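These protein sequence lines are chains D and B, in that order. When we follow the UniProt record's numbering, the leftmost residue of the first sequence carries the number 1, and every step to the right adds one. When we follow the UniProt record's numbering, the leftmost residue of the second sequence carries the number 1, and every step to the right adds one.
Hints should not be assumed to be uniformly reliable.
Listed next, the stretches of chain D that the computed footprint assigns to chain B, with coverage defined by at least 3 CB atoms under 8 Å from CB atoms of chain B [to be verified]:
| id | region |
| --- | --- |
| 1 | 103-112 |
| 2 | 143-154 |
| 3 | 181-193 |
| 4 | 241-253 |
| 5 | 330-343 |
| 6 | 410-417 |
| 7 | 425-432 |
Keep in mind that the hints were calculated from the coordinates and are not lab data. Quick caveat: nothing in here was measured; it's all calculated off a predicted structure. Positions of the beta carbon are idealized from the N, C-alpha and C atoms, including for glycine.
Number of protein chains: 2
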Amino acid sequence: MTDSVVDRLRAALGERVDTSESGRAAMRADKSGHAADGMPLAVVHAASIADVQTTMRIASQTGTPVVPRGAGTGLAGGANTGTGEISLSVLGMDRILEVRPDDLLAVVEPGIINADLNEALAADGVWWAPDPASRDIATVGGNIATGAGGLLCAKYGVVRDAVLALDVVLADGRLLHLGHRSVKGVTGLDLTSLFIGSEGVLGIVVGATLKLRRLVPGQVHTLAATFPDVRAAAAASAAVTAAGIQPSIMELMDATCLAAAHRLLGLAPMPAGAAQLTVQTDGPAAAAEADAIADVLRAAGGSVAASGDRAEGERLLAIRRAMHPAMLTLGTTLIEDVSVPRSRLAAMFDEIARVERDHGVVIPTVAHAGDGNLHPNFIFDGPDVPPQIWAAADDLFRAALRLGGTLTGEHGIGVLKSRWLAAELGDDQWQLQRQVKAVFDPQNILNPGKVFAPPAA
Amino acid sequence: MTDSVVDRLRAALGERVDTSESGRAAMRADKSGHAADGMPLAVVHAASIADVQTTMRIASQTGTPVVPRGAGTGLAGGANTGTGEISLSVLGMDRILEVRPDDLLAVVEPGIINADLNEALAADGVWWAPDPASRDIATVGGNIATGAGGLLCAKYGVVRDAVLALDVVLADGRLLHLGHRSVKGVTGLDLTSLFIGSEGVLGIVVGATLKLRRLVPGQVHTLAATFPDVRAAAAASAAVTAAGIQPSIMELMDATCLAAAHRLLGLAPMPAGAAQLTVQTDGPAAAAEADAIADVLRAAGGSVAASGDRAEGERLLAIRRAMHPAMLTLGTTLIEDVSVPRSRLAAMFDEIARVERDHGVVIPTVAHAGDGNLHPNFIFDGPDVPPQIWAAADDLFRAALRLGGTLTGEHGIGVLKSRWLAAELGDDQWQLQRQVKAVFDPQNILNPGKVFAPPAA
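Same shape as in the complex, but just chain D (with noise of 0.2 Å):
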């Protein structure tokens, strides 16, 4: 059966499926820096839309699990391919087919990197504003599939808001179009929104009509913010954010990270438990908002650098960018992905403090704090999360949903938070996406085990 499999894949792909040990090996385990158990039993390197569709009847056929993935850059064990599974790498196929600045959108095959599509976007003055901190090396279909945020999801919208159409192929090879072109389109059920964030269990995403900006005239301006201990400035942003002022990026770093971040790039040390907030304004009132964010920070106690040099302030966001390598170097990392509305910020770093003090772990965090997204990064040795590490994010996870959040603001569920889903869900909805997932995947072979595993005890 197992070689029959990838006997039929070999027959009808060629050389486009690869059932080598590293490559195989490659497509164990994600960005996240945890492995699915056991080795794939091929990889089909897809180079357009018919190759994903014969996988998937082949696949279907056979009720072999397929496991879909961009550049394997997911921070939830989303695209972990093991045992007995099939890995169905789009990355191959990453044409931009068609821009279009007067309809303000582009159509995209998924395997097109972020920050290349947004390269190549320039040269018509228009951008997609979705901007993970991976924008460099993540797909654009990887980044719909997890309903991706970024920096800029305050002001410019997340992966959802930026959307128009989707061409995906469900479990039995089917091709549908989904969506429209048009700004407006309440054509029956919203099936395009369905599929983003939907982490691979409903279909694979091979093509995207995408919703575009004009590029943002005007000089950005950038501000840092030092405040004496984190809570001071999780107030501050929140203060930002109250006072009615839309920064394009406001983020924020603890004392751990920051320190961590400078040790990185080799930059002079800041103050003991000294936290920082990088905020960017942009548009035709940019300078004027920089100024009064700097007034709101100053007033919550926040000693401010500004400048509107462009240099300068890709400097200062580049400590921001730094955050995951350096986190790299204090161990091996549980990155978290809790989402609090605004207001809350301050009284979930009061919560992280506790969970610190409660478990005896360290927990490094840094927050997208315009949005209210804080990643808090547990740190341990070796290469599994031990059970007071994940003891520990337990009570960080329900102390979120106590302060009215949600478990993931963009990473997504994948398998490594599936067990807490049932707990912000309810049970009934639980069930019911289920019920959803196997109208478009009756035999469960996209991506099984992820997103809906069974309930934490």
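Given chain D, work out where chain B should sit, using these hints.
Okay, now just chain B, sitting in the frame of chain D:
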């Protein structure tokens, strides 16, 4: 059986159940001018979530169809209730439960009128952006159920962009909480988005957490540009979008519409054949943007009047807002709602002119030119749409689809457009959408016969 349903409703809900002739008759129609056959069994005026749950439990136990209803301002017959059906009105559930300007969210009941909500929010310096032309009489719940748009969509988005979470009652009476209060959230499948625009076939919206915006500071600038014909006006609007300037509002009225609105409002008549674009800009760059747009409109052959005065701007827009009543002075109307990519607006007007010629009908048309959404009005005598009008509408729908457009930009499918749904979705997606509905409503008691009717031959 029929008596027993009404008896059970009355036993459980008392005076909230209206079985009067006039009360039931009022639920047969919405603002489309089209009515269901026969009379509803009863009208339930729900005052609480519990009332909605009670109604749905009785309905599911007895297999009785239920048609959810807000203010009944829909234009596709989605809330029309007929023989053997219960009309379930949530119009009385109209409280604002929470406003959080610091988190840019509000929690509301579904029956609140859009304009009333925005009047209340203004005190906190915030607003909810969706602004259908019916905003003074339509409910927020109805806006959500239809995925409403409006005049401001190209700049400020549609309902899909402005809802964080929904509380819904399922067909069997269970209450579910979908979505999240945070800006970001990707926990599980996005059922919130699936419910937006679902026209009452999946469940009943009993609460909504809305995403708000800050009120825009600064003066609104208004332009009215007259063109010799509608094609020139459409081409000019596309030129504005292509020039990269984003008006808040850009409305187009063709000659017949403009003349009818002028007559209704007692204004001096316009030159024969003249079409008009009404454009507004807002925000910090409003004056400069209005100047730039005026240049584009003049270069496109328009005669432009500009005003930075709020009252004068409202007067110009009042002509556009008088459109629906003005059409009613011409006869019975079938108000259509196709949407095309903005660059195809002039081509769509060419198609409308062709359909007028080929079918010998008059189709006054207004368009949200900023987003490509057109409302062709088919005028006829008597209460029922005659076959030749449907034939012309069929021709027009298919033309919109050929131009990369959609059947409905913001009104929904309801009962009037259901026979064309499969033409846009394709048979596979049409079947799949019906299966998704069946997950939520296995007995098919929620708004049966709406949206998913058999395809046209």
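These are the hints, each one checked on the structure:
no.: 1; hint: 103-112; in the structure: holds (count 3)
no.: 2; hint: 143-154; in the structure: holds (count 5)
no.: 3; hint: 181-193; in the structure: holds (count 12)
no.: 4; hint: 241-253; in the structure: holds (count 4)
no.: 5; hint: 330-343; in the structure: holds (count 5)
no.: 6; hint: 410-417; in the structure: holds (count 4)
no.: 7; hint: 425-432; in the structure: holds (count 6)
Every hint, counting from the list given before, is met by this structure.
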